[in-house]
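> Given next are the chains, with one letter for each unit.
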Amino acid sequence: MHRSLTRDEIAKRVANDIPDGAYVNLGIGLPVLVANFLPSDREVVLQSENGILGMGPTPPENEIDLELVNAGKQPVTLVTGGAYFHHADSFAMMRGGHLDIAILGGFQVSATGDLANWSLGKPGVAPAVGGAMDLAVGAKSLFIMMEHNMKDGGAKIVERCTYPLTGIGVVTRIYTDIAVIDVTPQGLLVTDWVAGMTRETLQSRTQAKLAFAASPRALN
Amino acid sequence: MHRSLTRDEIAKRVANDIPDGAYVNLGIGLPVLVANFLPSDREVVLQSENGILGMGPTPPENEIDLELVNAGKQPVTLVTGGAYFHHADSFAMMRGGHLDIAILGGFQVSATGDLANWSLGKPGVAPAVGGAMDLAVGAKSLFIMMEHNMKDGGAKIVERCTYPLTGIGVVTRIYTDIAVIDVTPQGLLVTDWVAGMTRETLQSRTQAKLAFAASPRALN
Amino acid sequence: MINKIVNSLAEAVAGIHDGATVLLSGFGGAGMPTELIHALIDQGARELTVVNNNAGNGETGLAALLKAGRVRKMVCSFPKSSNSYVFEGLYREGKVELECVPQGTMAERMRAAGAGLGGFYTPTAYGTQLAEGKETREINGRQYVFELPLKGDFALVKAERADRWGNLIYRKAARNFGPVMCMAAATTIVQVREIVELGRLDPESIVTPGIFVKRVVGVATPQLSS
Amino acid sequence: MINKIVNSLAEAVAGIHDGATVLLSGFGGAGMPTELIHALIDQGARELTVVNNNAGNGETGLAALLKAGRVRKMVCSFPKSSNSYVFEGLYREGKVELECVPQGTMAERMRAAGAGLGGFYTPTAYGTQLAEGKETREINGRQYVFELPLKGDFALVKAERADRWGNLIYRKAARNFGPVMCMAAATTIVQVREIVELGRLDPESIVTPGIFVKRVVGVATPQLSS
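Residue numbers (my numbering), protein chains in the order written: chain L, 364 to 583; chain Z, 364 to 583; chain R, 15 to 240; chain U, 15 to 240.
Looking at chain L on its own, in the form it has when it is part of the complex (with noise of 0.2 Å):
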């Protein structure tokens, strides 16, 4: 038997594989977590799409101001050393390659770093993509972060996106509640999976053909 890790753990997971001194975006959702679990031994630098560099956290009910908010329009704060700047300089810097990691979360990955993550197609609702396709082709590394599978036990990592795509071969590494996953020009490489799980086990819960690396280490 094996467990899966909670939303927070896999938050804390990623919060722990971002190096000091990096520059990074949070994805609404899942990502928005990590900002939590971040080392506190470790300056990282937030950046909002909506033209903020140092986001801090959420701040006290009496402190909250509506223009300082985030990408997902929730209070935040500015760090000590944060700046501010207009649209076209913030979206420069995601597409100009600056940031060092986006993390978003994702409907669908596909073997080869296909990510689908605005869009169910269903007809009739009004596309909405948000900053997620300049995030996408910009940051030099894209994390995804998502539940291994469907709620329905569908696989979400798949040989080919069925879902509208947010971007090609942009992804480089998944965080889901029971692996972590490279995306390499060989293919999907599991780096780390939760205790007690098989390799059949996994790879049943995923669409795509996965390699293993020689001693993948314990997710907890």
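In case anyone wonders, no lab produced these hints; they're calculated from the structure. Each hint should be verified, as a subset may be incorrect.
[To be verified] Here are the computed lysine-lysine pairs in the DSS-like style, where the Cα-Cα straight-line distance is at most 27 Å:
#1 Lys94/R - Lys165/R
#2 Lys148/R - Lys503/L
#3 Lys436/L - Lys87/R
#4 Lys436/Z - Lys81/U
#5 Lys503/L - Lys228/U
#6 Lys87/R - Lys485/L
#7 Lys503/L - Lys165/U
On the provided structure of chain L, position chains Z, R and U as indicated by the hints.
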């Protein structure tokens, strides 16, 4: 007999044609003189390509700041209400049509408003264009200030430019020491000329064909 | 004398014509020019193309403009929010058109308009639905999508402080789309919390130089809409 | 902890390789990183492509780098000044190559590199010698020239004040090419008059956020060269 305007008199005439509130870029050379004659009851905002809006006059010797210079690298000042910005923003301002008037010197202007003012096309001389081509295409109106003729008497207002072009069809109006000439879709139209000059004399000093306004004003 | 200060919101939005493309600053609530939008509703222009990152929330500001039936088309990156039911209803009924543009491409298209460029190649959206039918090009081994400038007839922008020349500074993350929209519109109209004497804004810190601004109106205590 | 401050000019310019493209800030003397250029001469890198608005003056700074024979190619808009005889001599003798780029196109090409764009269309230089051999295109009835991004391996930039995160402010018209060059280079190296504690620069007034800067070195009383 007629007399010719001095350089200062040309500058004064141009200055009088700049309306209150205009945003203006003055090129190196003759155009710089215009700043000395702007009527004191008008607010005209001067732009300098190196990132200044609201450029003021030369400072007294003891207030010279070598980090506050104009396009010709001469010391200038900043007027109340002025602002600094970087080069990409400065040329966005120029190229994007935000300047009301650019005033440049000229080697040649053609009947269709082509301008040659950056190179004599001498072999072996390093080409040097600066911001002339950006200004030529960008400003809402482009005024050219120049002597009507070359030192040897040759025409500078020509059917087709023979010197390397700065821009095609960009000139709005030409100010010389003997005439003011509009570039119109129908060709060159003399609106002002110095007293005592005949149409024949003006045409003889001009290679391109001239038309004359019904009642040209006196230029003085 | 240059004086871009106008005395009323009505004067500020005068002349916006039916069919105009209107750029609206703001990202969610931060930077939304609520009072200018309400003045535009009163002014009556119809068949507008409106550019904003989102498509309104609740029933004030942009949502009110949509509800009043003045918008023919929205250009935005994310027409969804907690309460964007006004837009969603109109969209479902086919009463408003939507052009969904990736957020960075939207900002860059407006910058290109303001900077006098004819268009540019961006890697964003290559190979996705949002680039369908668009020209693509390989440059130095990478794939790009061709994008055209996005120019406004008018921009309605919220800033923090202005002088009579129209120099602007913003406040915190309310800056967002303001500076590029000021550049990208033929007529830029700005509401500010405070109007100060010429010379009071630090020339090193002015974010939008007055050349990009046509009219300024003071709204000391703006209402929040998003 | 992020600390981009280095203790010497030699450390600042370490690693600049032969054949590198080096962006140099400055417009004439204003904003020229004289001390970084002299450190680069001492460092010894050769066969450089150097991007600067001008091509040196007198025999210090960029002119000294040229005179030392380290520059294979200059990219600039205006390689003429009152005393640009070093460059002119090398150019006549065919010892240095020149790419003359209209000033706004030069700034925009670096911005495009910094912003991750593949290229853009500009109306500047259409129909002129400087657009010969370049792709052109008519867009909405106007003629444009296609331009590629101009990326630096390194940028040497002069600013006024920095903190340990590399946030920068500039001074007056010495700002000029600094902000775009910081964006456009893989490794941006900045000399500043003053290094201040983190938090001392106003977040509303920071012109170059630290993300665009790799190394900062203090030079309290810089020498003027152009």
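> Does each hint fit the structure? Answer for all of them.
Now the hints, each set against the structure:
The straight-line distance between the Cα atoms of Lys94/R and Lys165/R is roughly 24 Å, inside the 27 Å bound, and the hint therefore holds. A C-alpha spacing of about 26 Å is found between Lys148/R and Lys503/L, which places the hinted pair at or below 27 Å, so the restraint holds. Our distance criterion of 27 Å between C-alpha atoms is met by Lys436/L and Lys87/R, whose separation comes to about 24 Å. This hinted pair checks out: Lys436/Z and Lys81/U have alpha carbons roughly 23 Å apart, not beyond 27 Å.
Distance hint between Lys503/L and Lys228/U is fulfilled; the C-alpha atoms sit about 16 Å from each other, no more than 27 Å. Proximity of Lys87/R to Lys485/L is assessed by CA-CA distance (about 21 Å); at most 27 Å being required, the pair is judged to hold. Proximity of Lys503/L to Lys165/U is assessed by CA-CA distance (about 17 Å); at most 27 Å being required, the pair is judged to hold.
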